Amino acid sequence: MRPPTNSAEEQPMSSSTILQFLFSGLTSGALYAFVALGFSVTYSSSGVVNFAQGQFVMLGGLVAASLNTLFDLPVLPSMLLGTAAAALTGLVVGRVFILPILKLGEFRLILVTLGISLFLEAIALLIWGTDPWALPSLLDLEPFRIGGASLSSDSVLIIVMTFTTLAGFTAFVRYTRWGRAMRATSIDRTVASSLGVNVPLTIVLAFVLSAVFGGVAGALLTPLIATGSQVGMLMTLKGFTAAVLGGISSPMGAVIGGFLLGVIEAFAGGFISSAYQNAIGLAILILLLMFRPEGLFTLTTRRA
Amino acid sequence: MFHFAKPEGKRWRGLAAIAASLLLLARAEAAEPILIGSVMDLTGPVATLGQYAKRGADVAVKEINAEGGINGRPIELVSMNSESKSDLATSLGVRLAARPDVLALIGGNFGSTQYALSALAERQKIPFVTPTGLVTDEQRTWKHCFFTLVDFSDVAKVMLNYAREKGYKRLGLMRLEREYGELGAKFLHQYAKEYGVEIVAEERGADGDRDFTAQLSKIRDAKPDFLVVWFANPGGSLVLKNVKQLGLTIPMIAPVSMDSVATVKVAGSAAEGLILTAQIAGGQVLERQKAFATGYAATYPDTPQPNSFEAVGYDVVKIIAAALKTIQPPYSREKLRDAIASLQYDGAGAVIRYSATKNDPTQDGIVLTQIKNGEFVLLK
Amino acid sequence: MRDLAHFQPRWMSFALCLVAASLPLLISQHPNFMNLAILVGIYYSVCIGLSLIFGIGGQLSLAQAAFYGIGAYTSALLSTKLGLPVFLSFAAAAVASGVIGWVLAAPILRLRTVYLAMATLAFGEILVTLIRENREITGGSTGIINLPTPTLGAFSFDTPVRYYYLVWTFALLAAWIAHNIIKSRVGAGLRAISDSEIGAASCGVDVVRYKTWMFVLGAIFAGVAGALYVHYLSFISPDSYSANFSILMVMILAIGGRTSLIGAFLGAVIVTTLPVALAGYDAYSPLLFSILFLAAVMFLPDGIAGAARSSLIDTGWSRKWRSGKEFNQ
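Residue numbers (my numbering), protein chains in the order written: chain A, 7 to 310; chain B, 184 to 563; chain C, 3 to 331.
There could be a bad hint or two in this list.
In silico lysine to aspartate or glutamate, EDC-like type, Cα no more than 16 Å apart, as pairs [stated by the list, open to error]:
{"#": "1", "chain 1": "B", "residue 1": "LYS340", "chain 2": "B", "residue 2": "ASP284"}
{"#": "2", "chain 1": "B", "residue 1": "LYS406", "chain 2": "B", "residue 2": "ASP390"}
{"#": "3", "chain 1": "B", "residue 1": "LYS369", "chain 2": "C", "residue 2": "ASP160"}
{"#": "4", "chain 1": "B", "residue 1": "LYS326", "chain 2": "B", "residue 2": "ASP337"}
{"#": "5", "chain 1": "B", "residue 1": "LYS340", "chain 2": "B", "residue 2": "ASP547"}
{"#": "6", "chain 1": "B", "residue 1": "LYS308", "chain 2": "B", "residue 2": "ASP521"}
{"#": "7", "chain 1": "B", "residue 1": "LYS308", "chain 2": "B", "residue 2": "ASP547"}
{"#": "8", "chain 1": "B", "residue 1": "LYS563", "chain 2": "B", "residue 2": "ASP408"}
{"#": "9", "chain 1": "B", "residue 1": "LYS427", "chain 2": "A", "residue 2": "GLU148"}
{"#": "10", "chain 1": "B", "residue 1": "LYS541", "chain 2": "B", "residue 2": "GLU558"}
{"#": "11", "chain 1": "B", "residue 1": "LYS352", "chain 2": "B", "residue 2": "GLU321"}
{"#": "12", "chain 1": "B", "residue 1": "LYS448", "chain 2": "A", "residue 2": "GLU148"}
{"#": "13", "chain 1": "B", "residue 1": "LYS427", "chain 2": "A", "residue 2": "ASP78"}
{"#": "14", "chain 1": "B", "residue 1": "LYS369", "chain 2": "C", "residue 2": "GLU135"}
{"#": "15", "chain 1": "B", "residue 1": "LYS352", "chain 2": "B", "residue 2": "ASP390"}
These are calculated hints, taken from the structure and not from any lab test. Note that this is a predicted model, so its numbers are computed, not measured.
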């Protein structure tokens, strides 16, 4: 239902407003892209849909914000430590919970990550409470005004970081030994193993990496919108949607899926109705899956 | 480690035994507590509200028991967590109402859990005092439910009145797209003309959204001179940040949902100057709120300033206690309900004048506050 | 590694029915136990559907919440706005969820695992949004109260004991239907599909038809369960129909064991009673729940039913059953 705007005159949509939608979409999109990238990495290498992905985002943000607020640590070290905390959690999750369960199949793995996400969320609530935690901006700059629309420095930062991370990860996969090992594992675990790849280690590495992605996103996000112990589940859902949209087995697809979802939501919210914005994104996803059941950019169809 | 002189010999042991048994006897004779069932949303999406209300309630229990309880009997909360789920709330409500020694229920921290618990309370005929407000007009006719947050229609009138006093004629509205925001919008639209105000733009956003610049741009395009941010945290604080980001400098007012330290934490300097239709000014309490504020500061020395949710959490217990004081034991749910239904009480968060036709607090309970230097003080 | 042995001897089914029938005699004086028993029956019914689709058929559908909601709202709206008798509304709920399930099945069931999960999840979320946004029709986020109690002529199901029997009659009926399906050729076909669709198709299993039937049946069970649920509470709100509910159903199968109906039952009991039991721990309740859930998932790969079954097999008991016709396979 169209919200009642000024009933007397229907204002024509100014181009600056449209640009604002785009900026807003790119900002959320960058966030979704990070989470989706994390999903893609773990799914590719281990076949696990990591329900706890959103909690890595939460942890990165909460640790960074609390270090800054409680101990007056400057913003950059706080963010780095937040990411490290997320990475550590990823390590523990991968090594202690995922590796032993790998042989039990996809379903069990999903459930384990679900349990872990519930656990992390519950613990976070107890440690950090229900109130949100905030971080000051990393770069203390005035928002950029472009064509009448404004874009904060934090937004620019997270958008730039998304592409940098994607580029870095792609290079990692293509040119380093570990990266190639991850790629081999994602194509076929058994063959990779027979070629001498240390599959368990690769999988743990995948979890650590996706935790790092999530943690970075969380840390960068917090100056923009603050984190709380509740954000995990929503991030997981959005990131998962974005990953499926773009094709969960492709990192580039995941990132593009993220931006696409963000922009679709922003425009749907702006032009149609903010109430239906989530639903529209999801509806487009379902439609897409009807015609391209593997997402937009899936490179290979693999059997998990 | 510590060396205490050991009591010597059997004599001491004998005395100790007698003392112990006397103590045990005393405990057995100690007054049976009065039980109040508490079903609050302590985790989940509205955990913030549930925990605030619980904190307030705990302060009230402490205060009442320190004064000797009700007729020598201490008050005890049987506390349960409904996890922001209305079906769990119903199950827990059934469980508590099934205990004959539970005299009343408190809880329900947002629309659906409150609604579910109210309906249950009506069915089971147990008095229910909630630290929230009405969600439907029909609830006004219910006999067992009592509210402590001022109804939205009154809140809207207070906001519009303020606008009229200040000469603001063009109102922009940024609101939550869910029920909470819908109700606010409904009443603002309903009374706007009466107060000479025109709503020139209305945009909606969701709790989970991170960016409202798109909607706020549209509002800005309509050139309002006054902005109502009918939101809850954390969305509301993000709205404030976006408002600042867009360079919109008109005065802003928000309902009680924004009255918490989260607003200042998240919005930072963007929250300066925000006016609220709160029910307590944490930094400048009124006379009737002093007892609460003192007890609160003593119980929570790290956060000496309470917010409206904590205040009404305190009130729900105090309302029951005040009503109990007007009746004679043995207490029953019906007697308690009748007593509450005619209670006059000036609380910390609410001013209560319940009657057969009124089960929500009076408009006098609204305290206009403003955020100045990160603190919530009285407006003007 | 999925254990497809469907160890559910007939005595177990009889025992279950007997316990279900006589339980109220024991607990009718305890409203909170009656409340839980009714909820267990409702969740079990939803889970039976999921057990067919997922436990046997291997398709991870997260759409149960959506059908639960469709059934609930169909019944609630028809009975309050149109004054339809409640049992008729229940029937309408079954029809609505069945039809929507059938329409949805064709496009959705083509999708693979992860994508199927996402699509069904998305469907549920869209539905909840539609409910929330159309307040005039659906009561929006606040919901609708005072839903009528089901009546058969002059007999009204207005006490917990009566409602208990209503719910459990349905639940056991659903279980009986599911049980017979599992035992039949269709069940074997489903298990073949979950192992390998191509393999099953090459054996002459009509993959599409089987998957669709199970999906629709699961939808119907969930829809009626949803209707039963809201008329019990006399209250409906969109809270219960989000993704969390579907995930809860999956949890039930995870804890209980997804290849047997007894497993679904045990899981339903645990998942229903645990939060209520833990609620007294205030803010610690979700933490405790998550720890228990994780432990169950990590250490009981086939759920409780699976663990019980393995231990029975380890002892000498199972040999007796294996020889007789009691062994339902």
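Hints and how they fare:
Simply put, B/LYS340 and B/ASP284 have alpha-carbon atoms about 42 Å apart, too far for the 16 Å limit, and the pair is violated. Taking the CA atoms of B/LYS406 and B/ASP390, the gap is near 25 Å; set against the 16 Å cutoff, the hint is violated. Between B/LYS369 and C/ASP160, the direct Cα distance comes to roughly 37 Å. Violation of the 16 Å bound is thereby established for this hinted pair. Taken as a hint, the B/LYS326 and B/ASP337 pair is broken in the structure, with Cα atoms around 21 Å apart against an allowance of 16 Å.
Straight-line distance between C-alpha atoms of B/LYS340 and B/ASP547 comes to about 12 Å, which keeps the hinted pair within the 16 Å bound. Pair hint B/LYS308 plus B/ASP521 holds up; C-alpha atoms about 11 Å apart against a cutoff of 16 Å. Our distance criterion of 16 Å between C-alpha atoms is broken by B/LYS308 and B/ASP547, whose separation comes to about 29 Å. Between B/LYS563 and B/ASP408, the direct Cα distance comes to roughly 19 Å. Violation of the 16 Å bound is thereby established for this hinted pair.
Restraint check: the Cα-Cα separation between B/LYS427 and A/GLU148 comes to about 11 Å, which is no more than 16 Å; the hinted pair holds. At most 16 Å may separate the alpha-carbon atoms for a hinted pair to count; B/LYS541 and B/GLU558 exceed this at roughly 33 Å. A distance of roughly 33 Å separates the Cα atoms of B/LYS352 and B/GLU321; the hinted pair therefore is violated under the 16 Å criterion. Of the pairs offered as hints, the one joining B/LYS448 and A/GLU148 is violated, with about 20 Å between alpha carbons and a cut-off of 16 Å exceeded.
Taking the CA atoms of B/LYS427 and A/ASP78, the gap is near 25 Å; set against the 16 Å cutoff, the hint is violated. Our distance criterion of 16 Å between C-alpha atoms is met by B/LYS369 and C/GLU135, whose separation comes to about 14 Å. Pair hint B/LYS352 plus B/ASP390 does not hold up; C-alpha atoms about 28 Å apart against a cutoff of 16 Å.
When held up to the earlier numbered hints, the structure conflicts with 1, 2, 3, 4, 7, 8, 10, 11, 12, 13 and 15 and fits the remainder.
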